[in-house]
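Chemist: Those protein sequences? They're chains A and B, same order as listed. For the first sequence, the working numbering puts the final residue at 293, and the numbers step up evenly by one. For the second sequence, the working numbering puts the final residue at 359, and the numbers step up evenly by one.
Just so you know, not all the hints are guaranteed correct.
A short list of chain B residues far from chain A (calculated; beta carbon distances all over 12 Å) [unchecked claim]:
id : residue
1  : Leu62
2  : Ala130
3  : Leu209
Derived, one-sided and incomplete: chain B residues facing chain A with beta-carbon distance under 10 Å [as the list claims (entries may be wrong)]:
id : residue
4  : Gly148
5  : Leu154
6  : Leu165
7  : Ser170
8  : Leu172
9  : Asn270
10 : Trp323
11 : Val329
12 : Ala330
None of these hints come from the bench; they were simulated from the model. No experiment lies behind these values; they were computed from the predicted model shown. A virtual CB, placed ideally from N, CA and C, is assigned to each residue, including glycine.
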Amino acid sequence: MTSAAHVLLTIAFDGLAYAMVLFVISAGLSVTMGMMGVINLAHGAFAAIGGYATVWLTAQAGLPFPLALLLAGALAAVLAVPAERWCYRPVYKADHLAHVLLSIGISLVVVAALTWLFGPSSHTIRMPDYLSGNVELLGVVVPVYRAAVIAVGLAFALALWLAIDKTTIGARIRAAVDNRDMAESVGIDVDRLFSITFALGCALAAIGGGLAVNILGVGPRFGLQYLVYFLVIVVVGGMGSVKGAFASALVIGVGENAGRYFLPQAGAFFMYGIAVVLLLVRPNGFFTRASTP
Amino acid sequence: MTEQAAVSTTVPTTVPTTVPAAAVPGFGKGPLAAASRAQRPGALRLGPVDLIPWTVIALVYLLWPGQAPFAAQVLVLILFALSLDLVLGHAGIVTLGHAAFFGLGAYTVGMLNVHLGWREPLTALAAGGAVAGAVGVLSGLLLLRYSGLPLLMLTLATSAMLLELANYRSDLTGGFDGLSGIDPAPLFGTVAFDFSGKTQLLYAAAVLLVCFVFVRRLTASPFGQTLRGIRDNRRRMEAVGTPVFGHLLAVYSVSALLAGISGALFAQVNAYVTLDVLSFERSGGVMVMLAIAGLARPYGAMTGATLYAVIEHYLANVSPEFWEFGLGVALILIVLFARGGLLPTIERQVARRSGRARQ
Numbered sequence: 001m002t003s004a005a006h007v008l009l010t011i012a013f014d015g016l017a018y019a020m021v022l023f024v025i026s027a028g029l030s031v032t033m034g035m036m037g038v039i040n041l042a043h044g045a046f047a048a049i050g051g052y053a054t055v056w057l058t059a060q061a062g063l064p065f066p067l068a069l070l071l072a073g074a075l076a077a078v079l080a081v082p083a084e085r086w087c088y089r090p091v092y093k094a095d096h097l098a099h100v101l102l103s104i105g106i107s108l109v110v111v112a113a114l115t116w117l118f119g120p121s122s123h124t125i126r127m128p129d130y131l132s133g134n135v136e137l138l139g140v141v142v143p144v145y146r147a148a149v150i151a152v153g154l155a156f157a158l159a160l161w162l163a164i165d166k167t168t169i170g171a172r173i174r175a176a177v178d179n180r181d182m183a184e185s186v187g188i189d190v191d192r193l194f195s196i197t198f199a200l201g202c203a204l205a206a207i208g209g210g211l212a213v214n215i216l217g218v219g220p221r222f223g224l225q226y227l228v229y230f231l232v233i234v235v236v237g238g239m240g241s242v243k244g245a246f247a248s249a250l251v252i253g254v255g256e257n258a259g260r261y262f263l264p265q266a267g268a269f270f271m272y273g274i275a276v277v278l279l280l281v282r283p284n285g286f287f288t289r290a291s292t293p
Numbered sequence: 001m002t003e004q005a006a007v008s009t010t011v012p013t014t015v016p017t018t019v020p021a022a023a024v025p026g027f028g029k030g031p032l033a034a035a036s037r038a039q040r041p042g043a044l045r046l047g048p049v050d051l052i053p054w055t056v057i058a059l060v061y062l063l064w065p066g067q068a069p070f071a072a073q074v075l076v077l078i079l080f081a082l083s084l085d086l087v088l089g090h091a092g093i094v095t096l097g098h099a100a101f102f103g104l105g106a107y108t109v110g111m112l113n114v115h116l117g118w119r120e121p122l123t124a125l126a127a128g129g130a131v132a133g134a135v136g137v138l139s140g141l142l143l144l145r146y147s148g149l150p151l152l153m154l155t156l157a158t159s160a161m162l163l164e165l166a167n168y169r170s171d172l173t174g175g176f177d178g179l180s181g182i183d184p185a186p187l188f189g190t191v192a193f194d195f196s197g198k199t200q201l202l203y204a205a206a207v208l209l210v211c212f213v214f215v216r217r218l219t220a221s222p223f224g225q226t227l228r229g230i231r232d233n234r235r236r237m238e239a240v241g242t243p244v245f246g247h248l249l250a251v252y253s254v255s256a257l258l259a260g261i262s263g264a265l266f267a268q269v270n271a272y273v274t275l276d277v278l279s280f281e282r283s284g285g286v287m288v289m290l291a292i293a294g295l296a297r298p299y300g301a302m303t304g305a306t307l308y309a310v311i312e313h314y315l316a317n318v319s320p321e322f323w324e325f326g327l328g329v330a331l332i333l334i335v336l337f338a339r340g341g342l343l344p345t346i347e348r349q350v351a352r353r354s355g356r357a358r359q
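Extracted from the complex, chain B is given alone in its bound form (with noise of 0.2 Å):
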C-alpha cells in the first residue's frame, strides 16, 4: 500500500509531459494510467501464496466436509468484503449502506424463486448482480455528488429507507419471518445442491475465484491506480484532468454488482433471505472484517472475513455478548494501537524485526 501510495502522489508531478493522455486507450484516460501500466505485469505477478486459499477450501472439502455450509458462508462474506474494498479501500469512499446491495441481490434470487419459480441458479445469480448494479449506477449518480459525512450519512440513511421499504412490502419479502424455501435447482441441470452443501462450498468456490481474479485485475488496472490516486488526493487528480466523478461513479457500480453477487450468493447457499441482510450490522461488520485485516490489499477481504467469521463462530457459540465485547475491544485497540488493520501492522513489525538482524 505504501508503495502504491508513493506512486499515485508521485507520478502526476512527471508523466505528462512524456505521455499524451489521450493516447492511452481503456478505463483510465488520465496520464496515471500510462505510468501503472508499465508496472501491471509486476502488480500481477502471481506467487505460492496464491494458491493458499484455494488449498485450504480444497482441504475443507475434502476433509472436514462437516463444515462445508460454514465455509460457504465464509466465502460469501469474503466476497461481500472485496466488494467494499472497492469502494472504501481503493476510491476511498465510505459508506454505511453497503449491505443495501447485499440485501438486493439476496432478494432477487429469493423473489424469483419463490415468486416466479426462477430456480436456475447462474442466471438467477447473474440476475441479483445485475439488479444491484443498476441500483448502484442510479444511487451512484445521485448519492456521489456528494462526499464526506454527507455521504455516509446519505448512505446510511437510503439503506435504511430500503429496509423499511422491504419490511413494508412483506408480502413480497417475508418481512420479519423472512423469505424461506428458496430452493435452486442443480448447476447446469445436474450438480445439486444438497443438505451437506458439499456443492455450495464448491459452487461458492467457484463463483469467488471467477470475482477474485476480476477484482485482481481491476485494481493492478490504471483504472485501479487511478482510484487510489483519487482516494490520495481528489485535488490533484482533478487538477491532471481525471474524470473524478466518472471513476467513482464507475467502481460504485462495480462494487455495488459484486456485493449483489455475493447477497445472491447468499441466498442460494442459505436458502432463506431475512431483513437482517439489509441491516446497519451488516454494513458495519463487512466494514469490521475488511478494517481488521487492512484495506485496499490483495488478502485483506480474505484475511478479514475468515477471522471475523471463524472467530465469530466459536465465541458466539460461548455467547454473544462474549463475541459483541470482544470485537469492541479488538476494533478499539486496532484503531489506537494498528491503525491500517492487522496485515500492515505485521508487515511494518517484521520489517522492523529483519532490518534490527541485519545490522
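If we strip away everything but chain A, and leave its shape as in the complex, we get (with noise of 0.2 Å):
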C-alpha cells in the first residue's frame, strides 16, 4: 500500500471514531428537538454529566466501561424527567428566546455543578486493557479503542434506525414530531412519549459523552464547548431525522478531522465554513422529517 493512502485511511478512522461520538450524542438532540420544537442549547451538559459519571463510575467505584457507560445513560434518563416536567415543558409553545435563555440557564447551573464537585480542569480515563492498545485493519494500525467506538457508533444508528422506522412506538415519536394535535386526538399520550423521548434523547447524550471522554476528555464546559458541534448536526441533518444526523455527522466529522490534519492552525475554521455552506444551501436540513406546520 502507498504511503498516501495509508495517511488517508489514518485519518478517515480517526474521523469516523470522532464522527461516531458527535453522532451517538447528537442523535438524542435530534429526535427532541424534531419532537418538542424546543432549541435544547442544554444537551451538551447531559453529555458532560455522562461524561463524568463514566469517569467516576470506572475510576471510584471500579465499575468495568461498559456498565459505567449504561449507568451513565440511566443517571442522565432520571435527572432528564423532572428537567422535563418542570422545566422545558412550560416553555414548549413559546419563543425561540424563551428556549435559548431557559437553557443556556440548565446549561450554567451544570457547569457549575461539575465544577463545585470535580474541579475545573478536564478529566481523562484509563481504559480497561481490552480496550488499549492497537490493532490492524485494512493495513492501518488503529487504536482498539477508536475501532470500538466506531463498532458502537454503526450498532447505535442501527438501532434506532429500527426503533424510530419499525417500533410502535417509534411510529408514535415520528406522529408526535409531524403534528403533535393530530397525534394526540388519535389517543397517543404525548406528554408521556414527551417524557420518554425526552430521557431517552439525555441517555444518548450521557452514553455519547461517556465515550467521548478517551477521545476529547471532559471538563465542566464539554457541552458549551461542543455546543455549536451537536447543534449544526442536528439542523444540517434534518431535525428529528436520525439517518440526516449520521450523515451530517459523518460530513463534519471527517471533514474537520481531515482539516485539522492538513492545516492544524485553522482549527475547527473547516467544521464551521462547512456548517455555514450547508446551512446555506439547505437552511431546514438534508433530511427534513417534519413539515413544518
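Take the two lone chains, each set in its own frame, and fit them into one complex as the hints suggest.
Modeler: Structure representation (C-alpha cells):
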C-alpha cells in the first residue's frame, strides 16, 4: 500500500471515531428537538454529566467501562425527567428566545455543579486492557478504542433507525414530531411520550459523553465547548431525522478531522465553514422529516 | 411594550385608506409610518427618569472614583446590549452571534493601534464601528434571507468561524495571549487616558449618551414602529407593502455598527483585546443581560447590563461557580415565572397592586 493511501485511511479512521461520538450525542438532540420544537442548548450538559459519571464509576467505583456507560445513561435519563416536566414543558409553545435563555440557564447550573464537584480541570479515563493498544484494520494500525467506538456508533445508528422506523413507539414518536395535535387526537399520550423520548435523548447524550472522554476528554464546559457541533449536526441533518444526523455527523466529523490534519492551525474553521455552506444551501436540513406547520 | 404591540397590530387595517403610503418620507415608507409619526412626540417626551443614569455616572465619577474603571466597563456593556436590543428586541431577530461585531470593533481598534500606530481615539472608534457596520451589511445581505432556527444557527456558526479565523491569524490578533499595549492618544490632543480610569469613564459616558439618544430616536421613529410591526406579524407587514427585508437589513447593519463601536470602546477602555471578545459566551451573555431586564424598552439595556455586571462583579469575587450557578438559576426562574423580563413583571405587579388599592 502506498503511504498516501495509508495516511488517508488513518485520517479516515480517526475521523470516523470522532464522527460516531458526535453522532451518538447528536442523535438524541435531533429527536428531542424535532419532536418538541425546543432549541435545547443544554443537551451538551447531559453529555458532560455522562462523561463525568463514566469517569467516576470506572475510577472510583471500579465498575467495568461498558457497565459504567450504561449507568451514566440511566443517570442522565433520571435527571432528564424532572427537567422535562418542570423546565421544558412550560416553554414548548414559547418563542425561540425563551428556549435559548432557559437552556443557557440549565447549562450554567450544570457547569457550576460539575466544577464544584470535580474541579475546573479536564478529566481523562483509564481504559481496560481489552480496549487499549492497537489493532490492524485494512493494513492500518488503529487504536482498539477507536475501532470499538466506530462499531458502537454504527450499532447505535442501526438500533435507532430500527427503533424509530419499525416499532410502534417509533411510529408514535414520528407522529408526534409531524403533528402533535393530530397525534393527540388519535389517542397518543403525547405528554408521556415526550417525557420518555426526552429521557432517552439525554441518555444517548450521556452515553456519547462517556464514549467521548477517551477521545476528547471531559471538563465542566464540555457541553458548551461542543454545543455548536451538536446543533449544526442536528440542523444540517434535518431535525428529527436519525439518518440525517448520521450523515451530517459523518461529513462534519471526518471533514473536520481531515482539516485539522492538513492545516492544524485553522482549528475548527473548516467545520464551521462546512456547516455555514450546508446551512445556506439547505436551511431546513437535508433529511427533514417534520413538515413545518 | 403592550402599547406598541397594540398599535402595530391595529394600525395596518385602519390607516391605508386615509394616508397614501408614498406620501410618507423617511425610513418607513409603509402606511404604518404615518400613524406612528403622530405619536412620536409622546414617545420621546423626556422626564426626570431620563436624568437618573447620567446622574449616577456623574456621582460615581465625583464620589467613587476608585470604581471608575469598572463603571466604564459597565457602560461598554450597556452600549453592546443596546445594539442587540435593536435586532432582538425591536426586530425580533434571535441572533447568537452578536459578539462577532463587538469583536470586529475591538480588533479594529487594537490592530490599528498596535500594528499601524493609529492612536487617535475618535477616528479609531469610528473605524471600529465602520468595519463592523460594513460586515453587518454584507453578512445581513446573505443571512437575513433566513429566519428562525436556521438564522440562529447561521449567526452562531459564522461568529464561531470568525473566532477561529482570529485564532488562526494570531500574528495579527495576538491569538490566545491577546493584543496588549493599546494606548489611545489623548482625546482632542489634550485629555490623556490615565490609570485612574476617570477619563475613560467620561469618554465612555459621552459615547454612550450619543448612541443612546440615537437609538431612542430611531426606535421611536416610524422606522422603529415598522420594525416592531415586522416582529409581531411579519406576514401582515409584507401584505401592507412594507419592504421587510430592507428594514431588517437596515436595522441589522445599524446594530452591527453600534456593537462595533461598543467593542472599539472596550478596546480603548481596557487597553487590551483577547479572543473572548468574539466568544459564544459574550454573545450569550449580552442576550442574557437584555432578557433579564426586558426587551425593546428604553431602559432595558441599561438596567440589564448594570444588574448583570454589578452582580457578577461581586459574586465572581466570592467564586466564579457561585456566579454561574446563580445566573443559571435566575435565568430558569425568569423564563418560567417572569417571561419577558424583570421590568415588565414589576410593572405588572405594581399595576395590579394599585388597581387593588383603588377598589
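Chemist: Sort out which numbered hints this structure fails and list those numbers smallest first.
Modeler: The structure breaks hints 8 and 9; every other hint is satisfied.
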